[in-house]
Amino acid sequence: MPHILIVEDETIIRSALRRLLERNQYQVSEAGSVQEAQERFSIPTFDLIVSDLRLPGAPGTELIKLGQGTPVLIMTSYASLRSAVDSMKMGAVDYIAKPFDHDEMLQAVARILRDRQSASSAPAERPAGKAANGSDKPGVDNSNGEIGIIGSCPPMQDLYVKIRKVAPTDSNVLIQGESGTGKELVARALHNLSKRAKAPMISVNCAAIPESLIESELFGHEKGAFTGASAGRAGLVEAADGGTLFLDEIGELPLEAQARLLRVLQEGEIRRVGSVQSQKVDVRLIAATHRDLKSLAKIGQFREDLYYRLHVIALKLPALRERGADVNEIANAFLLRQSARVNRTDLTFAADAEQAIRHYSWPGNVRELENAVERAVILSESPQISAELLGIDIELSDLDDDDFIGLAPQQGGSNTSHEPTEDLSLEDYFQHFVLEHQDHMTETELARKLGVSRKCLWERRQRLGIPRRKTGVASES
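Counted the way this note's numbering counts, the sequence shown spans residues 72 to 548.
Mixed in with the good hints there might be a few duds.
With a cut-off of at most 20 Å between alpha-carbon atoms, the simulated EDC-like pairs for lysine to aspartate or glutamate come out as follows [claimed, not checked]:
| no. | residue 1 | residue 2 |
| --- | --- | --- |
| 1 | K266 | E320 |
| 2 | K387 | E249 |
| 3 | K387 | E309 |
| 4 | K136 | E107 |
What follows is a list of derived Cβ distance ranges for each label pair [stated by the list, open to error]:
| no. | residue 1 | residue 2 | range |
| --- | --- | --- | --- |
| 5 | R334 | P454 | 52 to 62 Å |
| 6 | L450 | E375 | 42 to 52 Å |
| 7 | R408 | G295 | 45 to 55 Å |
| 8 | M161 | R408 | 19 to 29 Å |
| 9 | F297 | K236 | 24 to 34 Å |
| 10 | R446 | W529 | 55 to 65 Å |
| 11 | G295 | L336 | 27 to 37 Å |
For the record, the hints were derived by calculation from the structure and aren't laboratory data.
From the three backbone atoms N, C-alpha and C, an ideal C-beta is built for every residue, glycine too.
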């Protein structure tokens, strides 16, 4: 049974994390600071150290040296790319941003322990300078780096496995998923991992081409084939010869064009509009849609024979709301990219923004998230991006009980002498935290630490009957 050391100065987080890991068959020890960990334990004997970055006395990164090779997972309340990168440069195996949920933590722990076991069982098989996971940077999980898609939730891990199996073949692939989920990224990964990688990949959005022109665009035309055709022209299918043709939103393809495409798949040949001669093409087809092609086929809006030709391999891309902690990882990647565009290096997500990103349903998926981050970066006047700038307002009442882990104050909060109960609910935690900290925090500080708006804090006080103190620092005009 793997033995994990938790180093965290907030009693509520430490106890809740201990119970979470113990319920998942891990042996757990805990300490409130680096000094306490040194005094009580032989740190190098642990299989994994999970430590807060900001601790009383020495920072959590000190455990990297003290662990003598034991992997250290850093928890940071700042969700700061800068502090996370600094920790990684110092040798941390990974970082996790507070607040985090059960699945996010368990996935990180399992991955790190798996990599550690692989490294110890086959140390001689790795090339010099490579980490156990194949990355040039020690401890950085780059297992899906060649795929080029961010995310490590179980549905995405399953998708990566299928991509690696399917990519080397010439089979047709149908990628299904809601708009904005990144279907073209999957198509690009299939092309890049195929034997056709050095040939072109031609991408066509079938919904963006007028119906009157789509056959000519796809299959080309001869001179005089229609009004305005003053010269012959090769189509996009012909341009993809030897490579990959990606047809996005194929459900919008007119029936006449579907018949021509079926001939490409069945006979491996095309005939330009206005031509009587066919020519051979060698094209691997990848199609994508957010529509139910089988249902469209039943009502005559999509050719059934073409559907079965396309449906040789079907890959399902999950919606962003189904990807758990991936959403924060993707948001941070977008923040890094957009910050570079406006030449700013100080931008981070505030606590309420991290919560909002994690719990908003994102009906527009990754595309909507990217647009929200871009807008927030442009409008931000301070280093911290709030949920308001993102256009998201997630109230505490929208969260479930599993989300309380990591929601405690992130630094400087005093340890409480009251040990939380085994089944501490979100309601209990809210009341416990407010009563413990309202004497030395303002309402604004309480709301920020809890990752909610002041309005939400006030409404929850009223519902739970928690009076607001009118004396000391908590009094605000």
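Holds or violated: the 52 to 62 Å window for the beta-carbon distance between R334 and P454?
holds (58 Å)
So does R408 sit 45 to 55 Å from G295, Cβ to Cβ?
Once the Cβ atoms are compared, 48 Å apart, the range 45 to 55 Å for G295 and R408 holds.
Pair hint outcome, K136 versus E107 [Cα-Cα no greater than 20 Å]:
holds (16 Å)
K387 and E309 were given as a pair; does the straight-line alpha-carbon distance stay at or below 20 Å?
With a Cα-Cα distance of about 28 Å, the restraint between K387 and E309 is violated, given a limit of 20 Å.
Regarding the pair K266 and E320, is the alpha-carbon distance no greater than 20 Å?
Roughly 25 Å separates the two Cα atoms, so the pair is violated.
Verify the CB-CB distance for M161 and R408 against the hinted window 19 to 29 Å.
Given a distance of about 24 Å, which is inside 19 to 29 Å, the answer is holds.
Against the range 55 to 65 Å, how does the distance between the Cβ atoms of R446 and W529 compare: consistent or not?
Since the Cβ atoms of R446 and W529 sit about 28 Å apart, the hinted range of 55 to 65 Å is violated.
Taking 24 to 34 Å as the hint, is the beta-carbon distance of F297 and K236 inside that range?
This hint is violated: roughly 43 Å between Cβ atoms.
Please test the hint of 27 to 37 Å on the beta carbon pair from G295 and L336.
holds (28 Å)
Can the restraint linking K387 and E249 be considered satisfied, given a maximum Cα separation of 20 Å?
holds (10 Å)
Can the suggested window of 42 to 52 Å be confirmed for the beta-carbon pair L450 and E375?
Holds - the Cβ-Cβ distance for L450 and E375, about 49 Å, lies within 42 to 52 Å.
Consistency with the previously given hints fails for numbers 1, 3, 9, 10, ordered from lowest to highest.
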